[in-house]
Each structure stands twice: as C-alpha cells, then as structure tokens.
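Using this note's numbering, you'd call the opening residue of the sequence shown number 591 and step up by one each time.
Because the hints were derived from the structure by calculation, they are not lab data. Don't take every hint at face value.
[As the list claims (entries may be wrong)] Straight-line alpha carbon distances no greater than 20 Å define the calculated SDA-like cross-link-like pairs of lysine to any residue that follow:
{"id": "1", "residue 1": "672", "residue 2": "753"}
{"id": "2", "residue 1": "889", "residue 2": "813"}
{"id": "3", "residue 1": "699", "residue 2": "732"}
{"id": "4", "residue 1": "787", "residue 2": "800"}
{"id": "5", "residue 1": "742", "residue 2": "953"}
{"id": "6", "residue 1": "794", "residue 2": "939"}
{"id": "7", "residue 1": "931", "residue 2": "900"}
{"id": "8", "residue 1": "941", "residue 2": "737"}
{"id": "9", "residue 1": "714", "residue 2": "689"}
{"id": "10", "residue 1": "669", "residue 2": "622"}
{"id": "11", "residue 1": "714", "residue 2": "741"}
{"id": "12", "residue 1": "674", "residue 2": "698"}
{"id": "13", "residue 1": "965", "residue 2": "716"}
{"id": "14", "residue 1": "669", "residue 2": "593"}
{"id": "15", "residue 1": "945", "residue 2": "739"}
{"id": "16", "residue 1": "794", "residue 2": "805"}
{"id": "17", "residue 1": "864", "residue 2": "837"}
{"id": "18", "residue 1": "794", "residue 2": "953"}
{"id": "19", "residue 1": "794", "residue 2": "772"}
{"id": "20", "residue 1": "824", "residue 2": "862"}
{"id": "21", "residue 1": "648", "residue 2": "658"}
{"id": "22", "residue 1": "674", "residue 2": "729"}
{"id": "23", "residue 1": "684", "residue 2": "709"}
{"id": "24", "residue 1": "931", "residue 2": "903"}
{"id": "25", "residue 1": "648", "residue 2": "599"}
{"id": "26", "residue 1": "669", "residue 2": "704"}
{"id": "27", "residue 1": "731", "residue 2": "752"}
{"id": "28", "residue 1": "733", "residue 2": "697"}
{"id": "29", "residue 1": "669", "residue 2": "621"}
{"id": "30", "residue 1": "804", "residue 2": "786"}
{"id": "31", "residue 1": "790", "residue 2": "805"}
{"id": "32", "residue 1": "714", "residue 2": "939"}
{"id": "33", "residue 1": "742", "residue 2": "945"}
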Amino acid sequence: MLIALSIHGEDKPGLVYAVSKALASCNANIVDIEQTVLQGIFAMFIVAEAGDLECVEKRLVKLSTDLGIKITISPFERKKSKEKNLYVINVLGKDRVGIVRDITEVLLKFGINIERTSLTARDKLISIEFIVDVGSADLSKLKRELLKEGEKIGLDIVVQEYESAVREKRLIVFDLDSTLIDAEIIDELAREAGVEKEVKELTKKAMNGEMSFKEALQERIKLLKGLPVEVLEKIYSRVEFTEGAKELISALKRAGYKIAVVSGSFTYFTNRIKEELGLDYAFGNELEILDGRLTGNIKGRIIDAEEKARIVEEIARKEGISTDKVVAVGDGANDRLMIEKAGLGIAFNAKKVLKEIADGNISKNNLIGLASVLKLPSEFTKRL
Numbered sequence: 591m592l593i594a595l596s597i598h599g600e601d602k603p604g605l606v607y608a609v610s611k612a613l614a615s616c617n618a619n620i621v622d623i624e625q626t627v628l629q630g631i632f633a634m635f636i637v638a639e640a641g642d643l644e645c646v647e648k649r650l651v652k653l654s655t656d657l658g659i660k661i662t663i664s665p666f667e668r669k670k671s672k673e674k675n676l677y678v679i680n681v682l683g684k685d686r687v688g689i690v691r692d693i694t695e696v697l698l699k700f701g702i703n704i705e706r707t708s709l710t711a712r713d714k715l716i717s718i719e720f721i722v723d724v725g726s727a728d729l730s731k732l733k734r735e736l737l738k739e740g741e742k743i744g745l746d747i748v749v750q751e752y753e754s755a756v757r758e759k760r761l762i763v764f765d766l767d768s769t770l771i772d773a774e775i776i777d778e779l780a781r782e783a784g785v786e787k788e789v790k791e792l793t794k795k796a797m798n799g800e801m802s803f804k805e806a807l808q809e810r811i812k813l814l815k816g817l818p819v820e821v822l823e824k825i826y827s828r829v830e831f832t833e834g835a836k837e838l839i840s841a842l843k844r845a846g847y848k849i850a851v852v853s854g855s856f857t858y859f860t861n862r863i864k865e866e867l868g869l870d871y872a873f874g875n876e877l878e879i880l881d882g883r884l885t886g887n888i889k890g891r892i893i894d895a896e897e898k899a900r901i902v903e904e905i906a907r908k909e910g911i912s913t914d915k916v917v918a919v920g921d922g923a924n925d926r927l928m929i930e931k932a933g934l935g936i937a938f939n940a941k942k943v944l945k946e947i948a949d950g951n952i953s954k955n956n957l958i959g960l961a962s963v964l965k966l967p968s969e970f971t972k973r974l
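I would like the entire structure built from these sequences, with the hints used as guidance.
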C-alpha cells in the first residue's frame, strides 16, 4: 500500500539517512520525496510503498522518540495524472505583511492551483516563486490582474512558462539609459547644449512610441551641433549606475553569462561601460565629431528597435546560443522587438507600451531581483 509521511523538527545531521534507513529496514520503497530546511526547521515529505505497515509504524515511532522529531503517517491514494499547464510566477519587492495573501487571492480568482511556493531574500528584497497550474485560465487576463495588483501594493511580477523558466539562460542583453545607468545620456548632452526642453519632448515621444526612434534621434542630435567633445567625459564622470546594476553584472559574470549592452545611446558611453563592467559586447550610435565638436550627425547605422533585435540575434548566433536562452532588459518602445524575441523579456521601470508585451516588469529599485528570477546563487550577489 502507498503511505504518505510528514516529518519535521529541529534540523540536525543524519535525519534523511535515519528515516530512509528505517523505511528500507521494513522493505518500504520511497517513490517520491521532498526535503527542505526553513529557519532551522527540518521538513520532509515522502510517499512510499509499504508492504509491512506495522513494521514501518513501529520503526518510525521509535525514530520520532529517539531524534525528537514529529512523524505522521497516513494512507495515500495516487491520483490520476492529468496534463498540466505550468507557469512560474516571481513576485519581487520589499518584505511586508500580506504579500502571499494578496497574490494568491488573484490566483484563486482565476481558479489556479499552486503546485509549489518558495521564498528567497537578498538584503531587503524578497522573491517569492509560485509554480502554478494555470489550466485553461486566460493568461493575458491573469497577467494584467497580477500586474495591477503588483503595482497597487508595490511589487514586481514576472510570469514565465515553466519550460522556459527552468531552461538555462546564457546571454543577457541590457539597454543602457535608465536601465544599467540612472540617466538618459541624450538629456545630459542637451542640458550642456542648452536645449534640454526641446530634446526631452522628442525623447518622450520616442519612448512612448509616438514617433520613430530613428526620426527622434536625428532631430535631437541636430540640436547638439557644436557641442565640445570634452563634454562627453564630463557627463560620463557624473553618470551613476542603477542601484544593484554592478552587483547583478558581477553575479551574471560569475554564473557564466555572456553580457551585452545594446543601446540607442552613444558608443562613447557604451564602450566605457563595457570596459568598466567587463561586458562581452557593446553597441551604440556613433556621434560624428569634427575639429573637437559634434557635427549634429550620426556616423554609420542607426540603432533603432529593428537594429537592436538584429544585433541580439547576431550575438546569439556568434555565441551559438538559441534565442530561447536569451534574456533582454529594457525600458522603452525602442526595446520592444528584442524583448519580444528573447526567451525572457523584462520591462525595467518601463513605459506602458513595453509592460504589455514583456514577460515581467521590474521597477527601478529592484534590478537585483532579476538574480532571483534567473536563480543565481545568493552568494553571487553580495554587495561589492
């Protein structure tokens, strides 16, 4: 007969061995097992085939007394297996009372069964992972509801198909401005040139998808004509990385990721960032400079949304990495195509146009939370 065992108590060496030895001595075969330690408490669940139930009960009662652990035994009926539609939902944010309640309320509303739940903490940030069977639920509506609930209570949500979530990722591609760095370089240049208002208006239209990036970029660069090249170094010297960016890049490198920055910003800055962080690739638009001043033109190809997606595919091909093993992170309409094509697309502190198509949304203070989504070891993300 099949039996289910639940074992818990204070963690100590040898518990798994002791329980498995007791079962084996009664010729009971373990068919399923799961064990964990939570806050110093040992917990294990076992399904086993027991021919001699009396022997099992006798041995486990003695074991419970000897080791000071609690063991419960109950009959188990194997249910007919049905095909599941599994997804992984990651919830990121600062810890507070009621997070699990609020998210599971949404899942209950859609009739979704939770298969497994786990929690990890990185400094003040927590990540709760739910593995769920969405069944026949409307996934688009579910994602909208989760996003709405997350924004209401200050949490970030990432939703992935289970097969995609467990598939090893090998390449990650970041936008630069307002993603890896806490600045819009074009706005910084505009401030130095005295045309900040005009450039910001064009930037806003491009980020919201109201005009093409290529058109907006060309118009903005024209306004910078005559700016001394020394201004570029001045701006770079005051640029700050987004909170958690350096720690995340370090963790990704230690985990063996290839890392690229593919940006509609400028090569002067993307190349410097590549050098400072030790990235594998950097792409940006090249400002034309003549006699030490900006000419108001771009040299060579313009990196817009289509070009970003093409570059990501180019890097993946070169590295022998399939696109389902690529992660793309960006904040605006110009990142849409590369995020749609990636195995995992993350909208970071993003506009609505990007949030609607991304697999997940991460806000400005939670970039390091991507380490939990990608299951990077916590020791990889210690503060530098």
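How the hints compare with the structure:
{"no.": "1", "hint": "672 x 753", "result": "holds, 17 Å"}
{"no.": "2", "hint": "889 x 813", "result": "holds, 16 Å"}
{"no.": "3", "hint": "699 x 732", "result": "holds, 9 Å"}
{"no.": "4", "hint": "787 x 800", "result": "holds, 17 Å"}
{"no.": "5", "hint": "742 x 953", "result": "holds, 13 Å"}
{"no.": "6", "hint": "794 x 939", "result": "holds, 15 Å"}
{"no.": "7", "hint": "931 x 900", "result": "holds, 10 Å"}
{"no.": "8", "hint": "941 x 737", "result": "holds, 13 Å"}
{"no.": "9", "hint": "714 x 689", "result": "holds, 14 Å"}
{"no.": "10", "hint": "669 x 622", "result": "holds, 14 Å"}
{"no.": "11", "hint": "714 x 741", "result": "holds, 18 Å"}
{"no.": "12", "hint": "674 x 698", "result": "holds, 17 Å"}
{"no.": "13", "hint": "965 x 716", "result": "holds, 13 Å"}
{"no.": "14", "hint": "669 x 593", "result": "holds, 13 Å"}
{"no.": "15", "hint": "945 x 739", "result": "holds, 14 Å"}
{"no.": "16", "hint": "794 x 805", "result": "holds, 13 Å"}
{"no.": "17", "hint": "864 x 837", "result": "holds, 15 Å"}
{"no.": "18", "hint": "794 x 953", "result": "holds, 19 Å"}
{"no.": "19", "hint": "794 x 772", "result": "holds, 16 Å"}
{"no.": "20", "hint": "824 x 862", "result": "holds, 13 Å"}
{"no.": "21", "hint": "648 x 658", "result": "holds, 15 Å"}
{"no.": "22", "hint": "674 x 729", "result": "holds, 14 Å"}
{"no.": "23", "hint": "684 x 709", "result": "holds, 12 Å"}
{"no.": "24", "hint": "931 x 903", "result": "holds, 9 Å"}
{"no.": "25", "hint": "648 x 599", "result": "holds, 19 Å"}
{"no.": "26", "hint": "669 x 704", "result": "holds, 17 Å"}
{"no.": "27", "hint": "731 x 752", "result": "holds, 18 Å"}
{"no.": "28", "hint": "733 x 697", "result": "holds, 10 Å"}
{"no.": "29", "hint": "669 x 621", "result": "holds, 14 Å"}
{"no.": "30", "hint": "804 x 786", "result": "holds, 19 Å"}
{"no.": "31", "hint": "790 x 805", "result": "holds, 14 Å"}
{"no.": "32", "hint": "714 x 939", "result": "holds, 19 Å"}
{"no.": "33", "hint": "742 x 945", "result": "holds, 15 Å"}
The structure shown violates none of the earlier numbered hints.
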